Every structure is written in structure tokens, then in C-alpha cells.
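Its first residue numbered 1, the sequence shown is counted upward by one per residue in my numbering.
No lab work stands behind these hints: they were computed from the structure. All values reported here derive from a predicted model rather than from experimental measurement. Do not take every clue at face value.
To be verified - Simulated restraints, written as ranges between beta carbons of each label pair: (1) Ala163 x Thr366: 54 to 62 Å; (2) Asn446 x Thr366: 18 to 26 Å; (3) Leu64 x Thr25: 57 to 65 Å; (4) Asp110 x Ala87: 42 to 50 Å; (5) Thr444 x Thr345: 36 to 44 Å; (6) Asp434 x Gly365: 56 to 64 Å; (7) Asn381 x Asp264: 51 to 59 Å.
Said to hold, decoys possible - Here are the simulated EDC-like pairs of lysine to aspartate or glutamate, each with C-alpha atoms no more than 20 Å apart in a straight line: (8) Lys311 x Asp296; (9) Lys362 x Asp434; (10) Lys362 x Asp296; (11) Lys311 x Asp385.
Glycine included, C-beta positions come from ideal geometry on N, C-alpha and C.
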Amino acid sequence: AQFGGQTCESLGYHGGTLACLADCTDYDRTQCENSGRCGDGIIQGEWGETCDGTELGGASCESLGYHGGQLGCLLTCTDFDESGCTAEGRCGDALVQSENGELCDGTNLDGQTCISQGFYGGTLFCSGDCLSFSTDVCATVGRCGDGVVQETYGEQCDGSTLANQTCQTLGWFAGNLICSTSCRFDETVCHDIRFLSTGGYHTCAVLDDGSLWCWGQGTSGQLGNGANVATNLAPVQVTGFTGGGTPISAISLGGFHTCALRSDGTLWCWGNNGAGQLGNGTTSSSNIPVQATITDVAAIDAGGNFTCAVKSNGSVWCWGTNISGQLGINSVVSTNTPTQVQGLTSGFIQVSCGDQHACAVKSDGTIRCWGEGSTGQLGNNATLDSLVPVQVSSMTTGISVTTGMSHTCAINNSGAALCWGANNYGQIGNGGIDLRQIPTNVSTLNSGVTVISSQNDNTCATKSNGAAFCWGQNNGGYLGDGTTTSSNIPVAVSGLSSGTQSVTNGYHQNCALTTSGFAFCWGTNTYGQLGDGSTSPSNIPRAVNPPSL
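Model the full structure from these sequences, guided by the hints.
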């Protein structure tokens, strides 16, 4: 057979045996066709075909890595014709097609670096799919969020890694320190004490977030947490005073009850109410705060078993026990509702309640006292009880007053401390032990006194230089000078030679609030009222433990 040099292969087929038709008019390609050819629409992979015409074997521009387009087949069937895909782009073309989700392409990082990705340095690479960055090399330098504190780059913390720091090590009283997303300490969760007060055997503090915490004796419900537990070594939160809402503007602790004044002029009290000292019109004790019936209150003080308040109009009101006339209402009848003190209708700015007497300061600098006066504590040059207020002798420049068990002290506008009343333990502070019926200068405290506090038979004061001093009875370590020896002149409180903001005296313990917002207490500790987590007494200040927030 003669084929003019043609074969199945020369005719485009992949193989087979070429024959001639019987009439010799053409080739018989039957055997060739069995081997197939490029163009028959069938992919003969065994002959090296990748595609054939429109038969692409399921491939597409997308399957080849392009973002779109129309894939074709080369005329040789040996490869795809990708010319219809390239216009849509692909990962690997060094162009960043952000509209198709690409972040980078090869060495084209679209302006991004390790630093722009949040790392502190290193070399950034593009991932193989162009959809993300490879930051392995960046990570060797570090970033905020890797759990490692890179102080070199200004990090203070990283995630839960706080570099052994706490709210307390940073100078705050309480709180649980956290790290911000910028790897700096978030101290908004840390808190200091705003107000501090101590009473019979318990102590309370208001934090700067408005929450109120108490510790020590709670038998009468005076801690306000809904319980009547005798000994509370750790602070408990007062019900309804969790922070936020109407701020607390003052707190005061009596023998077995507690009161808190809100900035809206409402007064809330809790604890023992046997004499009506909670002021809510009953004599039922309460271990959670109840609202007193008085409103528009500007100042408060809680005494032994009674309470007094100054209203915004300058009038003075009292309620509770009245055995010695300490309510100032010209009788010895107790009352469970706030009653105006006789004659004190306006102009008063502060009130203080002792054990069985009370005093109030008027804006003109005069002071009035009433109640028990057997030791001269009313300051009117007499030793008689008074059912109505009497004016303190020779005191015309008073700015603050405080009442103890049987004595009274005040600060005048020159910053001098003066005391009067019982002096059997030297609580007048004038170097003697004889009672004084009129204001008497306290030794060495003739200027610079900013805060004064009396309770039981001792007194403490702070000066403008931040130093704290105490004098009087000391058998329980109340003076905080490291001894149990009473003193008739002021002695320096150990460790509080500076930085003291205020002092508060209780019946069996005294406390100080520092300018940095920390609390220290000293004295007896039978019920944990010192707040150091123990019941051991101390004749020097001990730091109060923070609450668990």
C-alpha cells in the first residue's frame, strides 16, 4: 500500500495503522481514530494531552490559582490557554488584588511590615496563598499580645503576665490589676480608700469607686452585709453600696451601728436599733441598710446609741437613746425618728456624737454642746448635764469638734487643738490629769492641726505636714506609739510621721487614712477590727488588708 509518506501520526493522530479506502479515494483512518487525536474533544492523557478543545478536565482559571476569567486549551492540547485568566490576576503575579482577598503577593507586601502588624521588628513575608502574612520572623522580636513582657519596647505587661505587679505594688489599696490591649497596666480597676471610719469594734471604708466595705464585729448587723457574724477578719461589702449610683459623701460608725450619707442628702443606717438610732421610725435592728426618715442631710455622726445630723439648711437633728439628754430636745425621752435639737435651727456645719453627749460647730466659729456634762465635757465651765445646747466658753473660732467618752476636743481657725472634760487618762493633752471645764490648749499642737478625732478616753490628730499624734488612755495600745502607757501629752504615732490624711478613733481601736489611700489601724483586735486578717492586738499601726473585689 502506498500512502504518499503519510501515517496516522502525520495526520495528527497519536498512533494506529493508516490504511487506504477500497476505491483509493482517501485514507482509511479507522485504526488511527482508535488512538485518538488532539481536537477530538477527548483528553488522551497517555499521549500527553492536558485538555482538548472545550474539554478541560474540570480545570478552570480559579483552579489554576487565578481569581477568575475563562480558561481555554492550546491547539496542541498539551497545555491550557491561560490568556483569558491573566486579566483577573492570581496569587504569584506580584500584584496585590485586594478585591480578591489578597493581602500581599510574593515580595509585594502592600506597604506592610512587622511593625505595622503589631510586632516590634523583624522581616515580614507573604504566605503562599497571598491571603495572610508569615510573621514567624517578626515573632522572634516580639509583640504586644504574645504573653511576654518586652520592657525594651515599653511594655509593662502582656496579657495575663503582669511582671509580678499588683494594684497594691503600684500604690493602690485594692483591686485586681489587668493588662490593657496596649500592654500597659489598666489601673482603672485599682482603688484607694476615700473615707474611713471606726466604731465600737468595727471599721468601714468607702473606696473611690463608691463601694462600701466593713470588717470586725458584726453581731448586731453593723457590717450591713445581711449577716450577724461576730468576727469578720476580711472586709465584707455593704448591701446596696456596690459602687455607682448616688455617691457616698460621708460615713460614721457608732458603738454598734453604722450610717452612710449619700450625696443626694439621703441617710442610710444599719446595725443595732434598740434605741431607735437608725432613725427609721422603728426599734428593729437591721443587718442591711435602711433609710432614715430625715432628708436633705449635709453632715452626720453616729454616737454610742444615738445619731445626729446637720441638714442642708444648717439645722441639727438627733435620734436614739436619750438617757443623759444627748438628743438636745429638752427631755430624756428616747426617740426613733429624727428630732430637731432645741435652738439649733440654722448656721451649723458639723456635729459630733460621743458616748452620752454631743456638740455642733456653727459657721460663726461658736460651738454648742449638750447631754452628759458631769466631767465638764460640755465646755461651759460647769459639771452638769444639759438637756439643751449650751455654748462652749471662750470658743469663737472653732472649725471642727469631736466628742469622746467624757471629753471633747476642737480645732480653731489657727489650727490649734483644744480639749475639755475628763482628763483621768490625760485625754485633754495638756500635761495634767485634772478635768477641764473649758477649752484648754493641747500641748505642742498650737498650730497646723487639720483633723482631730476623739472616742473612748483618747484623742488623735493629724497636722498639715502629715504627722499623726495621739494622747490619753493607752492600755489597749490606742496611741500607736509602741507602748501601752497612757500619755497626757501628744505622742507621735509610729510610722505615721508624714503622709497622714486623717485619723478616726473608735471605742477600742484607732485608724488612719494616708494621702496615698491606704488604711492603718491599731489597738485591740478582738473581732478583727484592725483589718489585718487577725485578732491580735497591736500598739503600732498595721496595714488594713484590701477587700477581694
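Checked against the structure, which of the hints given earlier come out wrong?
-> Hints 3, 4, 6, 7, 9, 11 contradicted; others consistent.
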